[in-house]
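Trainee: Now for the letters of each chain:
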Amino acid sequence: MADFSTTVKDIGDVSVIYLNGFLDAHTAPMLENNFSELINKNRYSIVVNFEELAYISSAGLGVFMAFIEKVRENNGDIKLTTMNDKVYNIFDLLGFPLLYEIYKSEDEAINKFKSLK
Amino acid sequence: MKTRKSKIKRLIVKSRTDNLSSIRNFIREFAEEIGIAGNEVGNIILAVDEACTNIIKHAYKSHPEGQIIIKLKYSDKKFTILIKDYGISFKPEQIPDPDLQKYYRQRKVGGLGLYLMRSLMDEVEYVSVPGKYNQVSLSKKFISNP
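Order-wise, the sequence lines are chains A and B. With our numbering applied, the first sequence corresponds to residues 96 to 212, in that order. With our numbering applied, the second sequence corresponds to residues -4 to 141, in that order.
Keep in mind the hints are simulated off the structure, nothing from the lab. Be aware that a few hints might be false.
Stated by the list, open to error - In the BS3-like style, the derived pairs of lysine-lysine whose C-alpha atoms are separated by at most 30 Å in a straight line are:
(1) K79(B) / K181(A)
(2) K104(A) / K207(A)
(3) K104(A) / K209(A)
(4) K4(B) / K104(A)
(5) K135(B) / K79(B)
(6) K104(A) / K86(B)
(7) K4(B) / K199(A)
(8) K181(A) / K68(B)
(9) K181(A) / K97(B)
(10) K66(B) / K181(A)
(11) K97(B) / K2(B)
(12) K136(A) / K97(B)
(13) K73(B) / K199(A)
(14) K136(B) / K97(B)
(15) K165(A) / K52(B)
(16) K165(A) / K199(A)
(17) K56(B) / K4(B)
(18) K68(B) / K52(B)
(19) K52(B) / K97(B)
(20) K66(B) / K97(B)
(21) K4(B) / K181(A)
(22) K181(A) / K2(B)
(23) K127(B) / K181(A)
(24) K127(B) / K165(A)
(25) K165(A) / K68(B)
Stated by the list, open to error - The calculated label-pair distances, taken between Cβ atoms and stated as ranges, are:
(26) V122(B) / N169(A): 28 to 36 Å
(27) N169(A) / D92(B): 28 to 36 Å
(28) P124(A) / K2(B): 34 to 42 Å
(29) S210(A) / V124(B): 27 to 35 Å
(30) N184(A) / K2(B): 43 to 51 Å
(31) G107(A) / K2(B): 31 to 39 Å
(32) S84(B) / N128(A): 16 to 24 Å
(33) H58(B) / K199(A): 26 to 34 Å
(34) N170(A) / K2(B): 25 to 33 Å
(35) N20(B) / N184(A): 15 to 23 Å
(36) D180(A) / D117(B): 41 to 49 Å
(37) S70(B) / E203(A): 30 to 38 Å
(38) P59(B) / N179(A): 43 to 51 Å
Every value quoted in this text rests on a predicted model; they were computed, and no experiment measured them. Ideal Cβ placement from N, Cα and C applies to all residues, glycine included.
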């Protein structure tokens, strides 16, 4: 079994999804569920913390593409933080930094939402 | 005359996404045995994961009983991975390079895996015999390796 887990924490109006382990075609549905649940609760200010993510394939990248428009239509955003170089390189290779804000720290991403208020 | 290090290994798995982690481990162990480490291994593992994910989703349409045969070969400083399936045939030339802006509008992603495979490996080659089998060959050359 691929080793992957997520934790969701609400910090004020911002929800942070913490990723842990290996995000591939097998585990991507878990992350899809996290996004669906947040959207059902009308929580559109989302930060994804990649600090403990060891691996991502295109199936994992696809999850971010699937939800970003819906979130932005509702004046929210999905901001990405604390990626290791290996994971960042894959995002970069596919041109994701043009579509997503990527921050070095979780606080920076959360504060970005707060500064919009 | 210099002796050449040459090695071959094979893995057969069912077309299920929960086998992706054992496929990745299989590649990692083989790479360690032939002395390849670091980022290069990570890139090869990702390319093989993408190829197998495409087979599971597209060749076998997520049917879990299909067969995927992975053959690894290291010879003359070249790492070659042959991946064979008996699913629906595939024409890679019909898959355009990904356009993220378009995906953004359409909310769906396609072709990212193939693009990654082509970016991460030196050669990606498809052979498809409709009604019989498909085989993708991924290879990478290691100049400084034994």
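Trainee: Would you mind marking each hint as holding or not holding in the structure?
Mentor: Results of checking the hints against the structure:
no.: 1; hint: K79(B) / K181(A); result: holds (28 Å)
no.: 2; hint: K104(A) / K207(A); result: holds (17 Å)
no.: 3; hint: K104(A) / K209(A); result: holds (16 Å)
no.: 4; hint: K4(B) / K104(A); result: violated (44 Å)
no.: 5; hint: K135(B) / K79(B); result: holds (18 Å)
no.: 6; hint: K104(A) / K86(B); result: violated (44 Å)
no.: 7; hint: K4(B) / K199(A); result: violated (41 Å)
no.: 8; hint: K181(A) / K68(B); result: holds (25 Å)
no.: 9; hint: K181(A) / K97(B); result: holds (26 Å)
no.: 10; hint: K66(B) / K181(A); result: holds (26 Å)
no.: 11; hint: K97(B) / K2(B); result: violated (43 Å)
no.: 12; hint: K136(A) / K97(B); result: holds (28 Å)
no.: 13; hint: K73(B) / K199(A); result: violated (37 Å)
no.: 14; hint: K136(B) / K97(B); result: violated (34 Å)
no.: 15; hint: K165(A) / K52(B); result: holds (25 Å)
no.: 16; hint: K165(A) / K199(A); result: holds (25 Å)
no.: 17; hint: K56(B) / K4(B); result: holds (27 Å)
no.: 18; hint: K68(B) / K52(B); result: holds (25 Å)
no.: 19; hint: K52(B) / K97(B); result: holds (22 Å)
no.: 20; hint: K66(B) / K97(B); result: violated (36 Å)
no.: 21; hint: K4(B) / K181(A); result: holds (27 Å)
no.: 22; hint: K181(A) / K2(B); result: holds (28 Å)
no.: 23; hint: K127(B) / K181(A); result: violated (37 Å)
no.: 24; hint: K127(B) / K165(A); result: violated (42 Å)
no.: 25; hint: K165(A) / K68(B); result: violated (45 Å)
no.: 26; hint: V122(B) / N169(A): 28 to 36 Å; result: violated (47 Å)
no.: 27; hint: N169(A) / D92(B): 28 to 36 Å; result: holds (31 Å)
no.: 28; hint: P124(A) / K2(B): 34 to 42 Å; result: holds (36 Å)
no.: 29; hint: S210(A) / V124(B): 27 to 35 Å; result: violated (58 Å)
no.: 30; hint: N184(A) / K2(B): 43 to 51 Å; result: violated (28 Å)
no.: 31; hint: G107(A) / K2(B): 31 to 39 Å; result: violated (55 Å)
no.: 32; hint: S84(B) / N128(A): 16 to 24 Å; result: violated (33 Å)
no.: 33; hint: H58(B) / K199(A): 26 to 34 Å; result: violated (43 Å)
no.: 34; hint: N170(A) / K2(B): 25 to 33 Å; result: violated (56 Å)
no.: 35; hint: N20(B) / N184(A): 15 to 23 Å; result: holds (21 Å)
no.: 36; hint: D180(A) / D117(B): 41 to 49 Å; result: violated (22 Å)
no.: 37; hint: S70(B) / E203(A): 30 to 38 Å; result: violated (48 Å)
no.: 38; hint: P59(B) / N179(A): 43 to 51 Å; result: violated (32 Å)
The structure fails to meet hints 4, 6, 7, 11, 13, 14, 20, 23, 24, 25, 26, 29, 30, 31, 32, 33, 34, 36, 37 and 38 from the earlier list, while all remaining hints are met.
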